[in-house]
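Engineer: Heads up: the protein sequence lines correspond to chains R and G, in order. Counting in this note's numbering, the first sequence runs from 431 upward without gaps. Counting in this note's numbering, the second sequence runs from 86 upward without gaps.
Treat the hints as calculated values from the structure; they're not laboratory data. Note that the structure is predicted; figures quoted are calculated from it, not measured. Every residue gets a Cβ at the ideal spot worked out from N, C-alpha and C, and that includes glycine. Heads up, some of the hints might be wrong.
To be verified - Once the Cα atoms are required to be at most 25 Å apart in a straight line, the calculated BS3-like pairs of lysine-lysine come out as:
(1) G:Lys118 with R:Lys613
(2) R:Lys438 with G:Lys223
(3) G:Lys355 with G:Lys343
(4) R:Lys613 with G:Lys209
(5) R:Lys438 with G:Lys230
(6) R:Lys615 with G:Lys118
(7) G:Lys217 with R:Lys438
(8) G:Lys209 with R:Lys615
(9) R:Lys438 with G:Lys209
(10) G:Lys155 with R:Lys615
(11) G:Lys181 with R:Lys613
(12) G:Lys181 with R:Lys615
(13) R:Lys613 with G:Lys155
As the list claims (entries may be wrong) - Computed spacing ranges between beta-carbons, pair by pair:
(14) R:Arg440 with G:Ala281: 28 to 34 Å
(15) G:Asn285 with R:Gly553: 38 to 44 Å
(16) R:Thr435 with G:Gln342: 53 to 59 Å
(17) R:Asn614 with G:Thr218: 32 to 38 Å
(18) R:Arg440 with G:His338: 50 to 56 Å
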Amino acid sequence: MNTVTEVKGRSLWSDARRRFFQNKAAVAGLIALTAIVLISFIGPFFAVWSFEEIDWNTMGSAATLGRPSFETGHFFGTDDLGRDIYSRVLQGTQISLKVGVIGAAIAVIVGTVYGTVAGYVGGRTDQIMMRIVDILMSIPFMFVLILLLVIFGRSETMIFVGIGMLAWLDMSRIVRGQTLTLKNKEFVEAARATGVNTPTIIRRHIVPNLLGIVAIYATLLVPLMILTESFISFLGLGVQEPNTSWGALISEGAGTIRYDTEWQLLFPLAFFVVTLFSFFFIGDGLRDALDPKDR
Amino acid sequence: MSEPILSVKDMKVWFDVRDDAAGGIFPKTKKLKAVDGVTFDLMPGETLGIVGESGCGKSTLARSIIRLVKATSGEAVWMGRDLLSLSDADMLAVRKDIQMIFQDPLASLNPRMTCGEIIAEPLKTHFKGMGKTERREKVKAMLEKVGMDPSQINRYPHEFSGGQCQRIGIARALITNPKLIICDEPVSALDVSVQAQVVNLLMALQKELGISLLFIAHDLSVVKHISDRIMVLYFGNVVEIGTSQQVIEQPKHAYTQKLIASIPIPDPRKEMARRKVRRAERAAS
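With these hints in hand, go ahead and build the complete structure from the sequences.
Structural biologist: Right, dumping it as structure tokens:
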């Protein structure tokens, strides 16, 4: 029987991939995002100045000597302290993307596990678990996060913890809702009838059918995480000097905009905006690709 | 006659539903008696048809036997042991022998799994030691048995027609060599010509493998074709039970008579004539 050549099936994933690549905006977003990620990792090799080095020549006279130029090696100009904006933007990109991706990853993992368990087990367990989510949601997290950063000091880990705590709540609600509709489908009943145990049903039947929604939500979550981090950094509570992030750079740039140093704001802002747009376009493309009926 | 393979005794399944008429701040509940004291025996190799209108408890009865729905009281004695009081571990062993086929062919297959993975799932659950290649060979042999091309093993459910999906469902039910298959309206979602194919396939497989079938349907003409005996349910109660011929040709209960009268005759002239008679009857009374 092995002699018969087996026909290769067309999975829903491969269908979705095909639809995604037909979406021009989404592909453009993907390309732009890949470019930004590559630049942030390859770019530093071409930098003349490191992100914490101070160019004493331009210090104090950023508006004149610190202009973007290839001669001085400051491609994007310098800030008021004479530090190279090019290097700092790349460093900030790395940090901001890291915060976004790790924050979204925490949300995806915790939210998916919590939501599927609550939804699948149902009954009283579900009630208790979702009420906990409701209670946590009613806490003003920005306030708590700021308190945490003040009390335990500013650190990257604290930002990850804070943002992760905030983000999984919505995710778990979405996942629970999806699980509720899935668990009454006949294929889940069929699995129960043959005696497949609950963890396996969740892993084999529920989660793969949730991943579409989760993927869409995660790509929309990354820019939200970046925005949250930027906001905290803008307030001056984010990453610690000499490290920086988009929020911190934009904050500094916005502070000095009256002194004719617009490059201090525009370069980080451009990276920030392009990345956010890319993520939103990719998320949109994913939604159209994975949920063709919902268009 | 030999011992029954399954005997259900006074099965009751009651659900709590909210009683909106009662009012008050806290919703009061009332009992919905979906299945209310059903008793029947099923012989080895026999097909028992269960008919009745929608909501009369056919599916709930079937589901309560394999504990997908919790029964309120009663017994389901399977080869000498009451299924409803078995431990989960013992029940798992029994599940190998009792499989189920579902109503909606596409919805009963996980859209993210290939048809090979779907059919192999009961094997993975009950024969943990079985190797991957052996499992694959078995799945292919089973595909052939249900009249499908084994080369389609890597295809996904959405790439098959409704009839093919139902064949995959049947293959999944047969793969563990069960002794009883519960068919919950297996053909009502299919069109008539495919219905016939699937029903004939089920009958052929039953004859070959000697399995018992619990065949649920609301379409009497299908049930008549496949069943040895027929049980008529009405509001969770057994109205009539007897051999296929008896129930169809000499229905005793008024409800059964009405049910049989509602079977459409596939001949427009005869159907018209019958309708005329009925109209005249209604006018007279």
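Engineer: Indicate whether the distance between the beta carbons of Asn614 (chain R) and Thr218 (chain G) respects the range 32 to 38 Å.
Structural biologist: holds, 35 Å
Engineer: When you check the alpha-carbon spacing of Lys615 (chain R) and Lys118 (chain G), does it fall within 25 Å?
Structural biologist: This hinted pair holds, its Cα atoms lying about 24 Å apart.
Engineer: If you draw a straight line from the CA of Lys118 (chain G) to the CA of Lys613 (chain R), is it 25 Å or shorter?
Structural biologist: Holds, at roughly 24 Å.
Engineer: Next pair to validate is Lys438 (chain R) with Lys209 (chain G); report whether the Cα-Cα distance is within 25 Å.
Structural biologist: holds, 22 Å
Engineer: Against the 25 Å threshold, does the CA-CA distance of Lys155 (chain G) and Lys615 (chain R) hold or violate the hint?
Structural biologist: holds, 18 Å
Engineer: Within 38 to 44 Å or not, the Cβ separation of Asn285 (chain G) and Gly553 (chain R)?
Structural biologist: Check passed, 43 Å falls within 38 to 44 Å.
Engineer: Verify the proposed pairing of Lys438 (chain R) with Lys223 (chain G), using a straight-line Cα cut of 25 Å.
Structural biologist: Holds: Lys438 (chain R) and Lys223 (chain G) sit about 19 Å apart, inside 25 Å.
Engineer: Quick one, are Lys355 (chain G) and Lys343 (chain G) close enough, alpha carbons at most 25 Å?
Structural biologist: holds, 18 Å
Engineer: Against the 25 Å threshold, does the CA-CA distance of Lys613 (chain R) and Lys209 (chain G) hold or violate the hint?
Structural biologist: holds, 21 Å
Engineer: So if I understand the rule, the pair passes when the alpha-carbon distance is 25 Å or less; does Lys217 (chain G) with Lys438 (chain R) pass?
Structural biologist: Holds, because 18 Å separates the two Cα atoms, which is no more than 25 Å.
Engineer: For the pair supplied as a hint, Lys438 (chain R) and Lys230 (chain G), confirm whether the alpha-carbon distance does not exceed 25 Å.
Structural biologist: holds, 21 Å
Engineer: Would the hint linking Lys181 (chain G) and Lys613 (chain R) be met if the CA-CA limit is 25 Å?
Structural biologist: Status holds; Cα separation ~22 Å.
Violated hints: none; the structure is consistent with every hint.
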